[in-house]
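Using the sequences and the accompanying hints, generate a full structural model.
Residue numbers (the working numbering), protein chains in the order written: chain F, 6 to 257; chain V, 40 to 436; chain G, 170 to 655.
Do not take every clue at face value.
Straight-line Cα separation of at most 27 Å, DSSO-like style, residue types lysine-lysine; simulated pairs [stated by the list, open to error]:
id, chain 1, residue 1, chain 2, residue 2
1, G, K242, V, K370
2, G, K599, V, K370
3, G, K439, V, K273
4, V, K321, G, K242
5, F, K172, F, K72
6, V, K370, G, K541
7, V, K105, V, K121
8, V, K399, G, K541
9, V, K323, F, K62
10, G, K439, V, K323
11, G, K632, G, K439
12, G, K599, V, K250
13, G, K628, V, K321
14, G, K628, V, K370
15, V, K399, V, K323
Simulated DEER-style distance windows between Cβ atoms [unchecked claim]:
id, chain 1, residue 1, chain 2, residue 2, range
16, F, T234, G, N609, 52 to 62 Å
17, F, I59, V, L116, 51 to 61 Å
18, V, N77, G, D249, 37 to 47 Å
19, V, T62, F, E120, 56 to 66 Å
20, V, A396, F, I59, 49 to 59 Å
Some chain G residues judged to face chain V by a derived CB distance under 10 Å, without partners named [as the list claims (entries may be wrong)]:
id, residue
21, Y546
22, D572
23, C574
24, F579
25, T588
26, V591
27, Q610
28, G612
29, D614
30, T615
31, A618
In case anyone wonders, no lab produced these hints; they're calculated from the structure. Source: prediction; values computed, not measured. The C-beta atom is built at its ideal place from N, Cα and C for all residues, glycine as well.
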Amino acid sequence: MALLDIKNLHASVAGNDILKGINLTINPGEVHAIMGPNGSGKSTLSNVLAGNEIYEKTEGEILFDGKNLDDLVAHERARAGLFLAFQYPIEIPGISNMYFLKAAVNAGREYRGEEQLDAMDFIDLIEEKKNVMNLRDDLLERAVNSGFSGGEKKRNEIFQMAMLEPKLGILDETDSGLDIDALRIVSDGVNALRSPERSFLLITHYQRLLDYIVPDFVHVMVHGKIVKTGGKELALELENEGYASWVGEEGP
Amino acid sequence: MNDLQQMRDKAASVFEQLGFPTTREELWRFTDVSALANQEFSNDWSPASVDFLPLGEFYLVFENGKLSPEKSNIGGLPEGIKVGSIMDRADDRFGTLADTQSAFVAANTACFSEGAFIEVADGIELDSPIHLIYLADADGAAFHLRNLISVGVGSTFSVVEEYIGTPGTAYWTNAVTEVFAADNATVDHYKIQRESKTAFHFQTLEAQLGKNAVFSNHAIALGAALGRNDIRGKLMGEGGEAICNGLYLLNEKQHFDTHLFMDHAVANCNSHELYKGILDEKSKAVFCGRILVRQDAQQTDAVQSNRNLLLSRGAKVHSLPQLEIYADDVKCTHGATIGELDEVALYYLQTRGIDPARGKAMLTYAFANEVLNEMKSTPVRTYLENLVHEWLEKVSG
Amino acid sequence: MKIEDENSFDGLTDKEYKYGFVTDIESDSLPPGLDENVVREISRRKEEPEWLTEWRVKAYHHWTTLEPPTWAKVEFPPIDYQALSYYSAPKQKIDAPKSLDEVDPELLETYKKLGIPLGEQEVLAGVATVAVDAVFDSVSVATTFKKNLEELGIIFGSFSDAVKDHPELVKQYLGTVVPYKDNYYATLNSAVFSDGSFCYIPKGVRCPMELSTYFRINAANTGQFERTLLIADEGAYVSYLEGCTAPQRDENQLHAAVVELVAHKDAQIKYSTVQNWYPGDKEGKGGIYNFVTKRGHCRGDNSKISWTQVETGSAITWKYPSCILKGDNSVGEFYSVAVTNNMQQADTGTKMIHIGKNTSSTIISKGISAGKAQNAYRGMVKVAETAENARNFSQCDSMLIGDRCGAHTFPYIDINNPTAQVEHEATTTKIGEDQIFYCNQRGLDTEEAVGLIVNGFCKEVFKELPMEFAVEAQKLLGITLEGSVG
Numbered sequence: 006m007a008l009l010d011i012k013n014l015h016a017s018v019a020g021n022d023i024l025k026g027i028n029l030t031i032n033p034g035e036v037h038a039i040m041g042p043n044g045s046g047k048s049t050l051s052n053v054l055a056g057n058e059i060y061e062k063t064e065g066e067i068l069f070d071g072k073n074l075d076d077l078v079a080h081e082r083a084r085a086g087l088f089l090a091f092q093y094p095i096e097i098p099g100i101s102n103m104y105f106l107k108a109a110v111n112a113g114r115e116y117r118g119e120e121q122l123d124a125m126d127f128i129d130l131i132e133e134k135k136n137v138m139n140l141r142d143d144l145l146e147r148a149v150n151s152g153f154s155g156g157e158k159k160r161n162e163i164f165q166m167a168m169l170e171p172k173l174g175i176l177d178e179t180d181s182g183l184d185i186d187a188l189r190i191v192s193d194g195v196n197a198l199r200s201p202e203r204s205f206l207l208i209t210h211y212q213r214l215l216d217y218i219v220p221d222f223v224h225v226m227v228h229g230k231i232v233k234t235g236g237k238e239l240a241l242e243l244e245n246e247g248y249a250s251w252v253g254e255e256g257p
Numbered sequence: 040m041n042d043l044q045q046m047r048d049k050a051a052s053v054f055e056q057l058g059f060p061t062t063r064e065e066l067w068r069f070t071d072v073s074a075l076a077n078q079e080f081s082n083d084w085s086p087a088s089v090d091f092l093p094l095g096e097f098y099l100v101f102e103n104g105k106l107s108p109e110k111s112n113i114g115g116l117p118e119g120i121k122v123g124s125i126m127d128r129a130d131d132r133f134g135t136l137a138d139t140q141s142a143f144v145a146a147n148t149a150c151f152s153e154g155a156f157i158e159v160a161d162g163i164e165l166d167s168p169i170h171l172i173y174l175a176d177a178d179g180a181a182f183h184l185r186n187l188i189s190v191g192v193g194s195t196f197s198v199v200e201e202y203i204g205t206p207g208t209a210y211w212t213n214a215v216t217e218v219f220a221a222d223n224a225t226v227d228h229y230k231i232q233r234e235s236k237t238a239f240h241f242q243t244l245e246a247q248l249g250k251n252a253v254f255s256n257h258a259i260a261l262g263a264a265l266g267r268n269d270i271r272g273k274l275m276g277e278g279g280e281a282i283c284n285g286l287y288l289l290n291e292k293q294h295f296d297t298h299l300f301m302d303h304a305v306a307n308c309n310s311h312e313l314y315k316g317i318l319d320e321k322s323k324a325v326f327c328g329r330i331l332v333r334q335d336a337q338q339t340d341a342v343q344s345n346r347n348l349l350l351s352r353g354a355k356v357h358s359l360p361q362l363e364i365y366a367d368d369v370k371c372t373h374g375a376t377i378g379e380l381d382e383v384a385l386y387y388l389q390t391r392g393i394d395p396a397r398g399k400a401m402l403t404y405a406f407a408n409e410v411l412n413e414m415k416s417t418p419v420r421t422y423l424e425n426l427v428h429e430w431l432e433k434v435s436g
Numbered sequence: 170m171k172i173e174d175e176n177s178f179d180g181l182t183d184k185e186y187k188y189g190f191v192t193d194i195e196s197d198s199l200p201p202g203l204d205e206n207v208v209r210e211i212s213r214r215k216e217e218p219e220w221l222t223e224w225r226v227k228a229y230h231h232w233t234t235l236e237p238p239t240w241a242k243v244e245f246p247p248i249d250y251q252a253l254s255y256y257s258a259p260k261q262k263i264d265a266p267k268s269l270d271e272v273d274p275e276l277l278e279t280y281k282k283l284g285i286p287l288g289e290q291e292v293l294a295g296v297a298t299v300a301v302d303a304v305f306d307s308v309s310v311a312t313t314f315k316k317n318l319e320e321l322g323i324i325f326g327s328f329s330d331a332v333k334d335h336p337e338l339v340k341q342y343l344g345t346v347v348p349y350k351d352n353y354y355a356t357l358n359s360a361v362f363s364d365g366s367f368c369y370i371p372k373g374v375r376c377p378m379e380l381s382t383y384f385r386i387n388a389a390n391t392g393q394f395e396r397t398l399l400i401a402d403e404g405a406y407v408s409y410l411e412g413c414t415a416p417q418r419d420e421n422q423l424h425a426a427v428v429e430l431v432a433h434k435d436a437q438i439k440y441s442t443v444q445n446w447y448p449g450d451k452e453g454k455g456g457i458y459n460f461v462t463k464r465g466h467c468r469g470d471n472s473k474i475s476w477t478q479v480e481t482g483s484a485i486t487w488k489y490p491s492c493i494l495k496g497d498n499s500v501g502e503f504y505s506v507a508v509t510n511n512m513q514q515a516d517t518g519t520k521m522i523h524i525g526k527n528t529s530s531t532i533i534s535k536g537i538s539a540g541k542a543q544n545a546y547r548g549m550v551k552v553a554e555t556a557e558n559a560r561n562f563s564q565c566d567s568m569l570i571g572d573r574c575g576a577h578t579f580p581y582i583d584i585n586n587p588t589a590q591v592e593h594e595a596t597t598t599k600i601g602e603d604q605i606f607y608c609n610q611r612g613l614d615t616e617e618a619v620g621l622i623v624n625g626f627c628k629e630v631f632k633e634l635p636m637e638f639a640v641e642a643q644k645l646l647g648i649t650l651e652g653s654v655g
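As structure tokens, then:
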């Protein structure tokens, strides 16, 4: 059974149609990349999947792990194993990263009928995961993303993913704004999480990320539609030729 | 030493002349004290049976306005630190800082009969805060409390003023605290106001900072039916830094007013002010924060922020941040916001599996916690974290 | 859009106050002093209906019970209201001119100096696209384009004419936004106002040109008390410009005007002011006391009122153009640049009163202070209990030039509904020496550099002004700040 099955998805924001019929199937263990020019609807897709209510799904069906996503609101989708690494992670002053993560991890465990982690277990889990992302201890004590650099925020997103162990990780332009070292750390973190059960959807503008996280499939998205699907070589093709030929085909 | 009786007579005639302020006065536009003005207060004394938790090794306890040596503990104070009753003070500067043209200060000067006197010599460091605890449960009583805190050159010192009242009792606390922070001194002042929600609470806090002195004030208000803090920081020496933070958590029909005045008299000083409020039911908050940068106060860096969260219909906020600037080479900003919780933050929490109800509770706590986070003293912070949690649980339950 | 007259805005770049000339013209004035008889006499000379006379008299009696306000951060000696003359009209106005040909050529010359296009030749040449109503001392002297506007059903002209020709409209709206009891100066205005502009835009009409009033105080010892009433009926749109100058005199002159705006359902009013009254000399001698009450009422749903002001003149400015947002989804805006130099004082800002649901307001205020001037922003944002989902954003920035001046910010935020979101920010900055040096290095002199930086600082407000006003405003800013950087 597919982990994620999107059929004829249409969505709009503030009355503007952005997604105009997306079809996409992701099986367990697969890594898919969606590439496309700015404004093609990539971020809209990730937000619609995560359940952001600013975006309105107007048509189509999304099945995630056998469940219809229409029946789940944002936090239920998260608990069911859908994780979105944000392009611009929000700062939440006043809540420490540790406290926040503990609440999130235990919410997921409760949903799955697992026992709550106590403070000691939780710290053990943190110790186990944090080294992967090279996160400084003081960042864990600090308020969520507050005063983090751009790179630290992105690493923190992947760290959260490692802690929450989702079934599907959606990375929304996680590579944007990262220098080459940070990109490598983030990619290593993602690669370490790859497994036959876990799938990824990488949303990116550049091919660069895909040198580090090698996808099984690459999709080209233009004007709210997937216009071409191929293997990892498609990304290279795009890198050389750009999106121009695609964008030209259909006016905005 | 000033002749106390002369001071009292003068203050009494000032009060006579001024009377209680009315809402026609700009500084009292939003706070009506006629309920207080129309009431008579008695001087009968009785012991107080109110629980308290000392937040440090050394503490003074005042019961219904009177110092209780039995309940206090100031034994074994390090050398160079004097803690005692204001009636035994030995400091010429007494009464020189407090605004003599304020009706509440005048009433206090004319009537005070108790309070704390703390003198810290030069070059002293004390980790544990001195805890001043004012217990009240005497219906119909007025407590004019007067404190004088003087911290010597290069000393590091912290003090907590905590006002605790038995729920349901109605009384009037009218406190005045003068703080002198000498050159290079670091003074942390905490004020925890947990008066009975049927009481009146007024305090004037005046602090004067010498060269390179650092003064911080953290004012937490939970109690009183009608309360007001008048806080004035005077930066009198270059390199001084004043931090004035506050948190007010109000419900029922509580009315709480903060008037903050930061006076930059000399160059190269900083001041930072963060005031936050959470208002439930029919409560009302007033925040007036005035930053004055005088002509000589070049290179001033002053930042003020007032943020309010309204939890219910009927809650009201008046926010008046003010900048008055007479020097050109300065960096001054203020900001005020009033609103509900950030929807985007709530969504972010949701994408991590945290449901909206929990998310709201977390964000509300986080909102308040930003003020607590700025506190250096761990025991004080922990104590307040618990009080804030309790308050929020009561409000959301 | 450009006015090509040689004598128009070019003169503004000169350094001194260029409008300081006095026009030698005979005027018909009342002797100084104020009592009920003077009020009645003003009304009689203007041949007003009885209801208006009685309204004035009521206002006068109320005024005698009031004290001048003292809360503003301005200082001036008490005004002797009995020493002022409350009526001054150019003499020939008594028999109102039928066309511009009959207007006293001296007056036309005055307006030419000011750069106000009144002459028919300009109209014919198609140079001017602005309909102008000019108010000289207290009386409206000429209105251009009246015919073109009449075809659209737009009424635009002097207040006096409106009282005669459209008494029902005046009666219906006068005092409904600024009641005669409103405040000391507005009450005084209600009693003695002599003229002003009146404008009515009918349902669904989009006024095709900018409407403009130009105010000028000429006579000595005169108070100028105009009253402007502007109504945009359902779905109407109008952009209105107001400019002001006065001759250079050693005495202070009082200008206490009232402006009332009414926006019905779906209507929009854009009101722009460039205020350049005589500011007094460097020592603070003379200049206009500009004590003005301006208020707009967003009466209908989806209405919008936008105030833009550039205040460079006057010895003292005391004005708070405000919006009452009563209709659901109504919008209020306030964009302001206030510049004070030498001994000038300004206490200005706005009030945004949110009453309807989903109302929103924006306040952008830029205060620039130089010399020994004092410049205060004072503004109120009030969200009533009924105003669900009200939104306000306020940004108040001050710039100080020199270390003898003051910049002050006094917002009043009053929130009574938990769904409101209100944000206020204020900053204070100076012009950095490094910024000036950078400009110097690129070949600009210091004055040019300051002009450039100041204009950049005010950009957000200037972009709200109609093109020709924006150009004028930028030049005025340069003149006002002349000599402020050593």
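For the hint 56 to 66 Å, verify it against the beta carbon of T62 of chain V and that of E120 of chain F. 59 Å Cβ-Cβ, so the 56 to 66 Å window holds.
Measure nothing beyond the straight line between the CA atoms of K370 of chain V and K541 of chain G; if it is 27 Å or shorter, mark the hint as holding. holds, 20 Å
Does A618 of chain G hold up as a contact with chain V if the rule is Cβ-Cβ below 10 Å? Hint violated; A618 of chain G Cβ to chain V Cβ min 16 Å, cut 10 Å.
At the C-beta level, are A396 of chain V and I59 of chain F separated by a distance inside 49 to 59 Å? violated, 20 Å
Please work out if K321 of chain V and K242 of chain G have their alpha carbons no farther apart than 27 Å. violated, 34 Å
Compare the distance between the alpha carbons of K323 of chain V and K62 of chain F with 27 Å, and conclude whether the hinted pair is satisfied. Given pair K323 of chain V, K62 of chain F is violated - Cα atoms ~42 Å apart, limit 27 Å.
Minimum beta-carbon distance criterion (10 Å), Y546 of chain G to chain V: holds, 9 Å
Using the nearest Cβ pair, does C574 of chain G come within less than 10 Å of chain V? The hint holds - C574 of chain G has a Cβ within 10 Å of chain V, the shortest such distance being about 7 Å.
For T234 of chain F and N609 of chain G, compare the CB-CB distance with the range 52 to 62 Å and indicate the outcome. holds, 59 Å
Interface hint compliance - D614 of chain G to chain V, C-beta minimum distance less than 10 Å: D614 of chain G check fails; min Cβ-Cβ to chain V is 21 Å, beyond 10 Å.
Need the status of pair K599 of chain G, K370 of chain V: alpha-carbon distance at most 27 Å? With Cα atoms ~9 Å apart, K599 of chain G and K370 of chain V stay inside 27 Å; holds.
Does K541 of chain G lie within 27 Å of K399 of chain V when you go C-alpha to C-alpha? Between K399 of chain V and K541 of chain G the Cα gap is close to 50 Å, so the pair fails against 27 Å, i.e. violated.
Against the hints set out earlier in the document, violations occur for numbers 3, 4, 8, 9, 10, 13, 20, 27, 28, 29, 30, 31.
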